[in-house]
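K.L.:
The chain contents come next:
Number of protein chains: 2
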Amino acid sequence: MFHQTTLPNGLQILGETNSSALSVALGFFVRTGARDEVAGESGVSHFLEHMVFKGTERRDAIQVNRDFDKIGADNNAFTSEEMTCYHAAVLPEYVPQALDILADILRPSLRENDFQTEKKVIKDEIARYEVRPDWSVYDQSRKRFFGDHPLGQSILGTRESIDALAREQMLDYFRRRYAAGNIVAVAAGNFEWDAFVNLVREHCGEWNGAKAAMPRQKAEAPRRPGLHTIPREKLNQEYVMMWAPAPPADSPLRYAAHVLTSIIGDYTGSRLYWALVDPGLADSADISYIDADGAGAFLLSFSCQPESAAQNLATVRRVLDEVQTKGVTDDELRVARTRLAAREVRGNERTHRRMLAVGRDWLYLNQYRTLDDELAAVDAVDQKAIRDLLARYPLRDLMTVALGPLDRLEA
Amino acid sequence: MFHQTTLPNGLQILGETNSSALSVALGFFVRTGARDEVAGESGVSHFLEHMVFKGTERRDAIQVNRDFDKIGADNNAFTSEEMTCYHAAVLPEYVPQALDILADILRPSLRENDFQTEKKVIKDEIARYEVRPDWSVYDQSRKRFFGDHPLGQSILGTRESIDALAREQMLDYFRRRYAAGNIVAVAAGNFEWDAFVNLVREHCGEWNGAKAAMPRQKAEAPRRPGLHTIPREKLNQEYVMMWAPAPPADSPLRYAAHVLTSIIGDYTGSRLYWALVDPGLADSADISYIDADGAGAFLLSFSCQPESAAQNLATVRRVLDEVQTKGVTDDELRVARTRLAAREVRGNERTHRRMLAVGRDWLYLNQYRTLDDELAAVDAVDQKAIRDLLARYPLRDLMTVALGPLDRLEA
Chain A
1 MFHQTTLPNG
11 LQILGETNSS
21 ALSVALGFFV
31 RTGARDEVAG
41 ESGVSHFLEH
51 MVFKGTERRD
61 AIQVNRDFDK
71 IGADNNAFTS
81 EEMTCYHAAV
91 LPEYVPQALD
101 ILADILRPSL
111 RENDFQTEKK
121 VIKDEIARYE
131 VRPDWSVYDQ
141 SRKRFFGDHP
151 LGQSILGTRE
161 SIDALAREQM
171 LDYFRRRYAA
181 GNIVAVAAGN
191 FEWDAFVNLV
201 REHCGEWNGA
211 KAAMPRQKAE
221 APRRPGLHTI
231 PREKLNQEYV
241 MMWAPAPPAD
251 SPLRYAAHVL
261 TSIIGDYTGS
271 RLYWALVDPG
281 LADSADISYI
291 DADGAGAFLL
301 SFSCQPESAA
311 QNLATVRRVL
321 DEVQTKGVTD
331 DELRVARTRL
341 AAREVRGNER
351 THRRMLAVGR
361 DWLYLNQYRT
371 LDDELAAVDA
381 VDQKAIRDLL
391 ARYPLRDLMT
401 VALGPLDRLE
411 A
Chain B
412 MFHQTTLPNG
422 LQILGETNSS
432 ALSVALGFFV
442 RTGARDEVAG
452 ESGVSHFLEH
462 MVFKGTERRD
472 AIQVNRDFDK
482 IGADNNAFTS
492 EEMTCYHAAV
502 LPEYVPQALD
512 ILADILRPSL
522 RENDFQTEKK
532 VIKDEIARYE
542 VRPDWSVYDQ
552 SRKRFFGDHP
562 LGQSILGTRE
572 SIDALAREQM
582 LDYFRRRYAA
592 GNIVAVAAGN
602 FEWDAFVNLV
612 REHCGEWNGA
622 KAAMPRQKAE
632 APRRPGLHTI
642 PREKLNQEYV
652 MMWAPAPPAD
662 SPLRYAAHVL
672 TSIIGDYTGS
682 RLYWALVDPG
692 LADSADISYI
702 DADGAGAFLL
712 SFSCQPESAA
722 QNLATVRRVL
732 DEVQTKGVTD
742 DELRVARTRL
752 AAREVRGNER
762 THRRMLAVGR
772 DWLYLNQYRT
782 LDDELAAVDA
792 VDQKAIRDLL
802 ARYPLRDLMT
812 VALGPLDRLE
822 A
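Chains as they are written, first to last, in this note's numbering: chain A, 1 to 411; chain B, 412 to 822.
Derived by calculation from the structure, the hints in this document are not laboratory data.
One should not assume that every hint holds.
Which bits of chain A does chain B cover? Going by a derived footprint, with three or more residues having C-beta under 8 Å, they are [what the hints assert, rightly or not]:
id, region
1, 20-26
2, 343-355
3, 377-385
In this text, all values refer to a predicted model and were calculated from it rather than measured experimentally.
Virtual Cβ for every residue (Gly too), placed ideally from N, Cα, C.
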C-alpha cells in the first residue's frame, strides 16, 4: 500500500507498506548528480557522497560505521548523473535507529581535515578507473556523444578537478542541492507509515527548505554519426561503444525501448548474443537503454580480438539495419516481454529493490507505480509500439568509438 | 509450509510453499562433487555439470538455452566439493516448463563431439583461474591443508586430468552418482505441492534408482601447523591464507562458528577490519567458516603490500591469540548475532535463497529448518557456546600459506 506526504520544509516522504515482507529498506534520494554541477565543481557530487560518511556533530566516521553495524544494516550510497541516494535495509525493529543514522549523516560536518584526506581516496578511485579499458571507452564515448549537454559531465571528475576543489565549493554545492525541497525519503517493506512519518519529521523537519536553485535543461541528446578510434597499443582487446538518442525517462515509449534492446542485445538469447557471443566472435555484445531526465540513449557495446573488430562492427550494423527495416518477430516480442517481466518480479521480491523503484519513479515521473503497473506496461508492448519507437528513434547513424590496439577500424 | 515425499526409485522431493511469494525457485541437488571422484576422474563432476547443458535426446544445447529463455527463467548450476546443483527461478505459471527442461537435461546425451569441444572450454576455464593469485593461493593451500582427505580434491581438476578423461569415464561417473536415490528435487515459493509432485513423478519416475555406490568417509581434517611461501616474483601483492579445523556441517557448534568468525573477520566491523583494513594496512582481511560433510575449516585470508606482510601476520596472530585466551565481549556477540540474523532474513526474501537453504539443510542435516529455526539458533549463541567452540577447535597453530613476491615470511 502506498502513502505519501510532504513536510512543511518541502521534504517529500513516500512509503510502500507490505506486511508480508521480512525487512524494511530506507532511502534518501537527493535530486542531484554530475549533470547539476557548475563550472569548477566537476566531481563534487560523488566526492560529497563520500564525505557524508565521514561524520557529523554527533558521530565521527568510525561511529557511523559502528552504529550501522550494531543494527545489522546493509547500507550504502551511490551517485549517478542525476541523483544521489543513501540507503539501508534493516529488520523491522531497527527502523528508528537506521533513520536516525541516515538523517544524521545527511547533515555532514564536512571537516577540512576529512576533506583533504578523502581527496586522496577519490583521486585513487579515479586512477583505478582510468586503467580500466571498459570504463575508459564508456567515459570518453559518453562525453563525445553528449558533448555540451549536461549529461556529458563526468561523475568522478578528473584528478585535476578534484585537486582544485575547495571545501567552500562543496559547502556551497551542499547548501544549493541538499535542501529539504530537493530530497525524497522512501521506505518499502514491513513498517508502520505513521510512525515512519513521525521519525522523518523529528529528524528532518528542521532541515533548510530552500528549493533547488537551478532547474534542469530538458533538451534531448543530439544524433552524432561518426567513427572514432582511440589507439591503446598495450591492450590486446578492442572495446567498441556505439551511441544513439533514445526516449527520455518519462516517455511512453520507454517500455518499447526496454523490450527492443532486450531483443537485440540482452546478455542472453538476443540477436547479438547469437550473432557474436555464442559463436565466440566477441567476448561480450549487448545493447542497453539509458533513460535520463529529458533525454535518453541507446548504448551498444562489444569487445573482441582486434582482428575481428571490423567484421563484428559490420555484423552489428547488419543486425541493427535488419531491425530498423524489418522489425522484430512476434515470437521475439513474446520472449522479451516474458524475460523482462520475470526479472522485474524476481528483483522486486527484495524490499531494497522496491524502495529503489518507488524512489526512482517519483523522481523521474512524479508518480507511484506498483509492480503490477510495470508488468502491465511491459506486457502492452506490441508491434506498433516497436514501430513507433524505431520511427522516432531510429537505430541508424550511431556514434561509434573504438578503444584498443587498432589505429583504424573500417567495417 | 513444508512438504516432503520420496518416489519409488528413491528420488526425494521437498517443497516449501509460500503463497505471498511472487516466484518459484526449483533445484535438483545431486549429492556428488569433487570429493566423490576416484583416481583418474579429477574434475569430472564440474565437467559433467557443463555437459548437462549440451543437450539430450529431445534438445540440443541451443534448444536448452532457448527453452529456458522462452519462459524468462533465471537458471544456472554449480559444482562444489560435495554437491552439484541445477536450478531455475521462474514465474509461478512456468513451473511445468521449467521442470520439463531441468529434468530433461539431467539425463544428458553426453555426445562424444560435445565432450571433446567442452574439454577445451574447461581447460580454458582452468587456465583463466590459474593466473588469478587469489584463486591459486586458495587452491594450493586447501590441498596442502586437507592432504589425503577427500576434501582436498580439486573441483576444476588440472588441464592434464581433463585431457586424460575419456567419455566412458564420465558415463561411468554419471551412472554411479546421478542415480535417483542420490538426487533431491526442491521447490520454494508460490506453487501447488501436489501438482509439483506429479510433475516430478512424470519426468523423473523412470530414472535409474540405484543408490550411490560409495558412502563418504567422515573423518575430520587434521591440524597442520606450519608456514609455507610460494614465491611469485611478478606479483606486487602478497596473498596469505591460514587454515585450521572447525566443526563439521551438522555440528551443534556450527552457529557459534558463524558468530565467532563474524566477530573476528567479517568484511565490516570486525576485529580484523579495524586492525588491518580500516587503517589501510591490508586490502582485505577476513575469516570464514567452511562447513562440510564430516569436517569443517576456519579459513583466514588477507592480502597486502609485501613489505607489510610480516607485520600483518603478527597482527593476525595477536588477534587470534586474544580471542583464544580472552574470548569475545558481550557487545561483540550481540552485534554479530544481529548482523547474521539481518543477513539471513534479507537473503531469504528471495525464493532462490530459500530453495538453496532447504536443499542444503536436507543434504547436510537430513532435516527441514525454517528461517525462524535458523534465527533462533543464531540468537542462542552465548558466551558458553563460544568457549565450547574455542576449546574444541582452538584458533591456534593455523597452517599458513603465502603466495606473492616474498621468498620468506617471518612474523
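K.L.:
Confirm or reject the coverage of the region 377-385 of chain A by chain B under the rule of 3 or more residues with a beta carbon closer than 8 Å to the chain's beta carbons.
P.N.:
Answer violated; 0 residues pass the 8 Å Cβ test.
K.L.:
Checking C-beta pairs, does the region 343-355 of chain A have three or more residues closer than 8 Å to chain B?
P.N.:
holds (count 8)
K.L.:
Would you say the region 20-26 of chain A counts as covered by chain B, given the rule of at least 3 residues with C-beta under 8 Å?
P.N.:
holds (count 4)
Hint compliance for this structure: hint 3 is the single one not met.
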